[in-house]
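Visitor: Sequence:
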Amino acid sequence: MSDTRTLYSGHIVDLEVQDGKWEIVRHAPAVAVLLLNAAGEMLCVRQFRHAIAAHTIEVPAGLIDDGEAPEAAARRELQEEAGLDADMTLLTRFYSSPGFCDEELHVFRAVNPRESRLPMDDDEDIEVLWLQPQAVLAGLRDGSLKGSATTVTAALLALTGAPPAAGLGVRVDQQGGDQQGRH
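Residue numbers for the sequence shown follow our numbering, beginning at 1 and rising by one.
No wet-lab data here; the hints were simulated from the structure.
Label-pair restraints from in silico Cβ distances:
| id | residue 1 | residue 2 | range |
| --- | --- | --- | --- |
| 1 | SER97 | ASP125 | 24 to 34 Å |
| 2 | LYS146 | TRP22 | 20 to 30 Å |
| 3 | GLN18 | ALA39 | 42 to 52 Å |
All figures in this text were calculated on a predicted structure; none of them were measured in a lab. All C-beta atoms in this analysis are idealised placements derived from N, C-alpha and C, irrespective of residue type, glycine included.
Work out the full structure, taking the sequences as your base and the hints as a guide.
Guide: Structure representation (structure tokens):
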């Protein structure tokens, strides 16, 4: 029987020490969404991440609320961050860093997208981008893209050849605006 003490309990994480030596972060489970448009571009979001004090380019992602199914969380995050809803298929799930953290990430592929906006969380300031998968993979290689959800999803894209979603023709121009207006 192990001796476990909780040193910190927060909104997203708890920090435990087991047997006086194993520091374990208990983290809420999360989702990430892979969506390709008809042009084969991958939906990404640009946002500031306080933990690394920098902006990142990632796929839509977020925490699963208590009692919420992973697919419902994926749809909610896509609606909040990109103003889209879609049909979801689970690609994989994995532990983000099992050496010290129990966060499980569920990665979904989204198809048949349609406009459907939910309000963003108060602390989110997100820019929607459509990027070629090759550019995402190049950014992963050269280190300009950060974030495990982006890294894993792009790798899955490269390995699975996930087909583009039909019916989504929004493209981002070089100035960052889309051709159909901001979502």
